[in-house]
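Q: Let chain A serve as the given structure and place chain B on it in line with the hints.
So the protein sequences, as listed, match chains A and B.
Our numbering puts the first sequence at residues 5 to 583.
Our numbering puts the second sequence at residues -11 to 343.
Rather than coming from a laboratory, the hints here were simulated on the basis of the structure.
Please read these numbers as outputs of a predicted model, since none were measured by experiment.
A few of these clues could be false.
[As the list claims (entries may be wrong)] In silico DMTMM-like pairs for lysine to aspartate or glutamate, Cα to Cα no more than 25 Å straight-line:
(1) A:K402 to B:E45
(2) A:K475 to B:D185
(3) A:K475 to B:D44
(4) A:K475 to B:D2
(5) B:K66 to B:E(-5)
(6) B:K9 to B:E201
(7) A:K475 to B:E125
[Claimed, not checked] Which residues of chain B face chain A? A few of them, derived with a C-beta cut under 7 Å, are:
(8) P64
(9) E65
(10) M71
(11) F73
(12) S75
(13) A77
(14) W79
(15) H81
(16) F90
(17) A91
(18) V94
(19) R95
Ideal Cβ positions, reconstructed from N, Cα and C, are used throughout, including at glycine.
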Amino acid sequence: MVDAHPADAPASSRRRWASSGGETFLVAAIAIYVVVFAVWPLLRLFFEALLPGRDGEILGLLIGEWRSAATRTALVNTLEASALASLLSLVIGIAVAFAITLTDVRGKAVLTFIAMLPLLVPSQITALAWIEFTGAFSPILAPLGLAPKPGMTNPLYSKWGIVLVMGIEHSTLVFLAVRAGLRSVPRDLVEAARLGGAHPLRVIWSVVTPLALPAILAGAALAFVTSIGNFGIPALLGIPGRYSMLTTLIYQRLQGFGPRVLGEVAALSLILAALAAVGLLLRALLVRRGRFATEGSSAHLEPFGLGRGRPVTAALLWILLVVIAVLPLLALLAASLSPALGVPLRLDTATLDNYRFALLEQDATIRAFRNSFVLALITAIVSAAVAVPLAYLVTLRKNPFARALDVVADTPYAVPGTVLAIAVILVFLPPLPILQLSLYGTLGIILVAYLGRFLALALRPTMAGMDLVNKSLDEAAQIAGASVLTRLWAVILPVVAPSAAAGALLIFMTAFNELTVSALLWSTGRETLGVVVFTLQYEGNSPAAAAVATASIVVTLALAGLASVLGRRLPEGVVPWRA
Amino acid sequence: MASVTLEAVSKRFDSTRAVEKVSLAVVDGEFFALLGPSGCGKTTLLRLVAGFEAPDEGSIKLATEVVGRPGWALAPEKRRIGMVFQSYALWPHMNVAQNVAFALRVRRVPSVERQKRVAAALAMVGLEAMAKRRPHELSGGQRQRVALARCLAMQPTVVLLDEPLANLDVHLREAMQQEFARFHRESGATFIYVTHDQAEAMALADRVAVMHEGRVEQAAPPRALYREPATEMVARFVGRGMVVPVDVIGREGPRLIVDLWGERIAVRGEGSAGEHRKLCLHSEDLALTSRTTGTIHGHIAALTFQGAATLLTIQPNAEGASQLRIEYTSAPPAVGAAVTVMVRDGWIIPEGRMP
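Just chain A, same shape as in the assembly:
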């Protein structure tokens, strides 16, 4: 018998905001951040891409790109490879999610963690690991006689190689979406079907799957969008395989011709962004349908007993996950320990020389570790510091302007990283207005792009944490006479700090290994870790590339472990891979 607080109604936007100066100031400060790092660059890109061409034709840049054969090829390839890869992601993601969520196989925590590995490992490193795994000197396939003969091109340098690795890399996205969809199926619906006499398989087919279908398709759409924007895999597999995609085409154009082709690559970026937008729109529609289908859910689903089928199911699941997620990483590790390309790895030939060379001797790598560390740290801290007040204004204060900012803040993360990088170059290549110095060629330009791109990554866990904060905690502090800033500092921050910290950790892990954005923004002396791995491999020093990649994975997995430990005390949804 409690009055529903009418203030929770959306219409509280009626409220006039002039009454709190502190809040207005806060909203304005966040608005400036979002405009500088997100709105301005992306709008600039949009208008740049619509400029007339060299001969003055209206929309000439866009039309010129559209007519070019290279663009056509890249566009078709992008669509083809992404569609096939998301199909593979869909098959793997569904199989793994159904087996882990709906059956009583043992060791779910370990299985879930392995299923998460492809998402935790950045895509350029996944590609590298697969190159080692399927190469002529594969420490795993060669002893079995399955490796290609030395001298043959690695079969992964092809369309199907890209499809395979991208499909596996993004299967985790489908897995997560399907698992969430299955979990939201109300238990009583399943129990009612079983009481009605339906066999578990029949229940899964007729009740569970239809209810989870929107979530499954939304997961596939997300995998598709992510594939379209992927750079690391097409860069490592497609460039040597002469299979051009939009992200690599933009990269190669800019590498080859420099800033004078900015207009053309802006037009290309717009095409890329449009593809992603269509995918995201599709996903949003599917997500909305899914929410409708399982509204008012009761308890979570109980897994079905497999009986005698359990060992077989478990064995198949383990084999699948080990092959797609563990063996490539082992191959990478082996490559990093081998003395030289082609020398078989045995206990007596194993060496740490590659690590010594990469981590202690080569200046570029040492610099890259330092650069990536500094960039990731600053990005993580600043993003969390912006996410907390923004999430507070959106969730607890229901501030309409903050809500709009929240939507906008997602854009730089939703668009492919390549698009954002081009947008940032367009804005920050010319000297800054008052300071008269250009960020181009400094770490600053990478930082600007990161600050825009990763805010969304801190916002989601912070929002999830903020959602659980009772509004009256804030109101009680208001009654006590505390201003907005005092409340944020003394009441809100201590309560949501763990969630915000999880967001910061997530950003650090992602930014530390980032390649897509920095590949377009780096300059000599300003390398990032992702760039160094890419360059070492490109230059043919794959043992050193493997060593740097292994080292950075160790850092990433250690942080993931830390987040998991931290995550046990956090609300659901804050740490994405928690089982």
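A: Just chain B, lined up with the frame of chain A:
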């Protein structure tokens, strides 16, 4: 010093009218209750007084200062009022003493003075020993006391209480009610208390405003509310009153004579001969009798055992008559038995006239 005055205050959310032209004058030091079923707008009214919402129409005054007018509200943090929340709203990362001290810190009360006031507030609610505990280590009743201490440490002149007992066990509520009464007496502050529990409102308040669909139906002392309800809604809501249609026959001394289902009965209230009106009856106004004139004939429709008494539901024989309820302490007649009911008292509801 700290009266609360609302003049024709309205508040809408989208198309729902949460509060509709409410005028109230809560005097300084009064214990005022807002009573009503859920969704009646009482919480919105409280939030308007607190400053979490701005009115769409009308004005709100604290003492002589206008704090709310259409589209504008003085921020809650500038109103210096106290509030006890239904969820208690204790800050989970602060211990009991820090919770109580927070408002004093914000107001830069010097440390010595602050400690004295925190200790005094905790002593008042009997929680000195719990000063270092975190909220999650306390029982529901203790949390409620902390919330109250936190509010009182601010020494507010106006205290708002939003269903403060709704989350407590029944046996704790009575004890807390007495605490609220004591705090009201000792602090001398104006209390505005929102509840859906009429027993709570009647026991505590000097005056009770009954709200329904955003409007105040009646604001009066508890006894008047019960004995002389102004509207049919108040009559039915307060003390489970029964409302029956009557025709006024005429006045006989202090009493009004009305016709109920063809029988003449004497009741309180105003009315002139020939009017169709509504009569409020409470179960203690009715009794079983062996008399045959001025009585209502019917039969027992149902019996509900209630411990000390049995609730008799009686269906009168008259056509279209609604059921009556009597609390009966002796051995009750069987279901279906014919009975005769005497009406000892009743109140003609002043609201509107029947067609």
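Q: Does the nearest C-beta of chain A fall within a distance shorter than 7 Å of the C-beta of P64 of chain B?
A: Where the cut-off is 7 Å and the nearest Cβ of chain A is about 4 Å from P64 of chain B, the hint holds.
Q: How about R95 of chain B: closest beta carbon in chain A under 7 Å, or not?
A: Since the shortest Cβ distance to chain A is 6 Å, the answer is holds.
Q: Measuring from the C-beta of F73 of chain B to each C-beta in chain A, is the shortest one below 7 Å?
A: OK, holds: F73 of chain B within 7 Å of chain A, min 4 Å.
Q: Is K475 of chain A close enough to D2 of chain B, meaning Cα to Cα at most 25 Å?
A: 21 Å, holds
Q: Under 7 Å, Cβ to Cβ, is where F90 of chain B needs to be relative to chain A, so tell me if that hint holds or is violated.
A: 5 Å, holds
Q: Does the interface hint hold: is W79 of chain B within less than 7 Å of chain A, judged Cβ to Cβ?
A: With a minimum Cβ separation of about 6 Å from chain A (threshold 7 Å), the hint on W79 of chain B holds.
Q: If you take the shortest Cβ to Cβ gap from E65 of chain B to chain A, is it below 7 Å?
A: 5 Å, holds
Q: Does M71 of chain B pass the interface hint, meaning its C-beta sits closer than 7 Å to a C-beta of chain A?
A: Nearest chain A Cβ about 4 Å off; hint holds.
Q: Holds or violated: S75 of chain B as interface residue toward chain A, Cβ cutoff 7 Å?
A: 5 Å, holds
Q: Should the hint that H81 of chain B touches chain A count as held when the rule is a Cβ pair under 7 Å?
A: Because about 4 Å separates H81 of chain B from the closest Cβ in chain A, which is inside the 7 Å limit, the hint holds.
Q: For the pair supplied as a hint, K402 of chain A and E45 of chain B, is the alpha-carbon distance within the 25 Å limit?
A: 22 Å, holds
Q: Holds or violated: is there a CB of chain A closer than 7 Å to the CB of V94 of chain B?
A: 5 Å, holds
In the structure shown, no violation is registered for any of the earlier numbered hints.
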